[in-house]
Amino acid sequence: MAANTVSSSLATRTSARATAGLIALLLGAFLVFGVGLANSAALHDAAHDTRHSYGFPCH
Numbered sequence: 292m293a294a295n296t297v298s299s300s301l302a303t304r305t306s307a308r309a310t311a312g313l314i315a316l317l318l319g320a321f322l323v324f325g326v327g328l329a330n331s332a333a334l335h336d337a338a339h340d341t342r343h344s345y346g347f348p349c350h
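For what it's worth, this note's numbering labels the leading residue of the sequence shown as 292, then goes sequentially.
Accuracy of the hints is not assured; some may be wrong.
[Stated by the list, open to error] Derived DEER-like restraints, expressed as beta-carbon distance ranges: (1) Leu328 to Thr303: 35 to 41 Å; (2) Leu334 to Ile314: 21 to 27 Å; (3) Leu313 to Ala337: 22 to 28 Å; (4) Arg308 to Asp336: 34 to 40 Å.
By construction, these hints were calculated from the structure, which means they are not laboratory data.
Glycine included, every Cβ here is placed at the ideal spot set by N, Cα and C.
Input sequences plus hints: build the corresponding full structure.
Pasting the structure below:
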């Protein structure tokens, strides 16, 4: 009975980690493509300036 509880707990943790990873991936993709390629000049410039403030070259 104890082994069954452990495997159930492990499956729950693995599922929660996979869900969190997928959400992080989608949020990151939105930030990169949604903000970086936005038509709004102010939104794009804010992302551009933030990238430079962290020391990442882009051009």
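Cross-check of the supplied hints:
The supplied range of 35 to 41 Å is met by Leu328 and Thr303, whose beta-carbon atoms lie about 37 Å from each other. Range check, Leu334 to Ile314: about 22 Å between beta-carbon atoms, so the 21 to 27 Å window is met. At about 27 Å, the beta-carbon gap between Leu313 and Ala337 stays in the expected band of 22 to 28 Å. Restraint check, Arg308 to Asp336: a C-beta distance of roughly 36 Å satisfies the suggested window 34 to 40 Å.
Violated hints: none; the structure is consistent with every hint.
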